[in-house]
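A.B. asks: The lines below spell out each chain.
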Amino acid sequence: DTGVSQNPRHKITKRGQNVTFRCDPISEHNRLYWYRQTLGQGPEFLTYFQNEAQLEKSRLLSDRFSAERPKGSFSTLEIQRTEQGDSAMYLCASSPSDVLSVLQFFGPGTRLTVL
Amino acid sequence: GIQVEQSPPDLILQEGANSTLRCNFSDSVNNLQWFHQNPWGQLINLFYIPSGTKQNGRLSATTVATERYSLLYISSSQTTDSGVYFCAVGRQGKLIFGQGTELSVKP
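Respectively, the protein sequence lines represent chains Y and V.
If you're matching positions, the first sequence starts at 1 in my numbering and goes up one per residue.
If you're matching positions, the second sequence starts at 116 in my numbering and goes up one per residue.
Hints are supplied without guarantee of correctness; some may be wrong.
[Unchecked claim] Calculated from the model, a selection of chain Y residues having no Cβ within reach of chain V, i.e. all distances over 10 Å: (1) Ile12; (2) Gln17; (3) Ser27; (4) Arg31; (5) Gln41; (6) Gly42; (7) Gly85; (8) Asp86.
[Said to hold, decoys possible] Computed beta-carbon distance windows for the label pairs: (9) Asn171(V) / Gln84(Y): 38 to 44 Å; (10) Pro222(V) / Lys71(Y): 47 to 53 Å; (11) Leu39(Y) / Ile127(V): 35 to 41 Å; (12) Gly16(Y) / Ser166(V): 35 to 41 Å; (13) Gln80(Y) / Pro154(V): 28 to 34 Å; (14) Ser5(Y) / Thr181(V): 36 to 42 Å; (15) Leu39(Y) / Thr181(V): 15 to 21 Å; (16) Gln207(V) / Pro70(Y): 39 to 45 Å; (17) Trp155(V) / Arg15(Y): 24 to 30 Å; (18) Glu28(Y) / Gly131(V): 41 to 47 Å; (19) Asn160(V) / Asn51(Y): 19 to 25 Å; (20) Ile117(V) / Gly16(Y): 23 to 29 Å; (21) Ile12(Y) / Ile117(V): 30 to 36 Å.
By construction, these hints were calculated from the structure, which means they are not laboratory data.
Even glycine gets a Cβ: it sits at the ideal position worked out from N, Cα and C.
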């Protein structure tokens with residue numbers, strides 16, 4: 001499968017616990033994006049990387065959230081001290097080049113439930 | 116920031132009917148994509164269409180960038196077309212999504 005992959009697909013955790021999600025982009029895509037989608041809403045941008053550099057972070061990304069892409073390939077999104085409001089689908093996307101306007105391909109998402 | 120509005124929010128069709136979904140955006144963009152989100156949450160690319168017209172089978176899309184809107188046409192709808200359709204616009208990399216149109220096609 002050459003698409004964007006995300007793991008785990010589902011995560012249930014208790015409030016206050018830390019969670020980490022992984023995204024593997026399409027091979028050789030140098031841009032990687034994270035979005036969050038809550039029930040009944042469209043996805044909202046969180047952050048994106050070009051290679052290993054994190055170029056933009058949304059105001060939605062509080063201090064409890066951190067994203068990394070250490071080798072410019074896969075990325076991780078960590079949420080510390082989870083809250084019930086963090087329950088959402090976390091989507092990862094990648095795009096193939098440095099050009100500003102390019103087609104983004106999305107992974108299947110990680111659905112987080114915070115109890 | 117750029118605002119994206121989709122209409123209608125909900126649409127119920129009988130199988131075989133045609134439909135038009137609309138996406139309005141508030142500023143110039145250099146990326147516009149239409150997606151279909153399946154029941155499992157996967158966003159499936161339908162069109163990359165910052166301007167012009169494209170067709171893919173029963174689906175077609177038109178974007179008039181100067182007037183800041185895009186239309187998605189679904190002809191001869193099938194029950195498998197059900198789901199949420201999103202328009203997303205981009206400038207400087209990130210995509211900004213509308214609220215979606217939830218389509219239900221009845222047999």
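A.B. asks: Are the hints correct? Go through all of them and say.
C.D. replies: Quick rundown of the hints versus the structure:
no., hint, in the structure
1, Ile12, "holds (16 Å)"
2, Gln17, "holds (22 Å)"
3, Ser27, "holds (17 Å)"
4, Arg31, "violated (7 Å)"
5, Gln41, "violated (7 Å)"
6, Gly42, "violated (3 Å)"
7, Gly85, "holds (19 Å)"
8, Asp86, "holds (16 Å)"
9, Asn171(V) / Gln84(Y): 38 to 44 Å, "holds (40 Å)"
10, Pro222(V) / Lys71(Y): 47 to 53 Å, "holds (49 Å)"
11, Leu39(Y) / Ile127(V): 35 to 41 Å, "violated (20 Å)"
12, Gly16(Y) / Ser166(V): 35 to 41 Å, "violated (48 Å)"
13, Gln80(Y) / Pro154(V): 28 to 34 Å, "holds (31 Å)"
14, Ser5(Y) / Thr181(V): 36 to 42 Å, "holds (39 Å)"
15, Leu39(Y) / Thr181(V): 15 to 21 Å, "violated (35 Å)"
16, Gln207(V) / Pro70(Y): 39 to 45 Å, "violated (24 Å)"
17, Trp155(V) / Arg15(Y): 24 to 30 Å, "holds (26 Å)"
18, Glu28(Y) / Gly131(V): 41 to 47 Å, "holds (42 Å)"
19, Asn160(V) / Asn51(Y): 19 to 25 Å, "holds (23 Å)"
20, Ile117(V) / Gly16(Y): 23 to 29 Å, "violated (36 Å)"
21, Ile12(Y) / Ile117(V): 30 to 36 Å, "holds (35 Å)"
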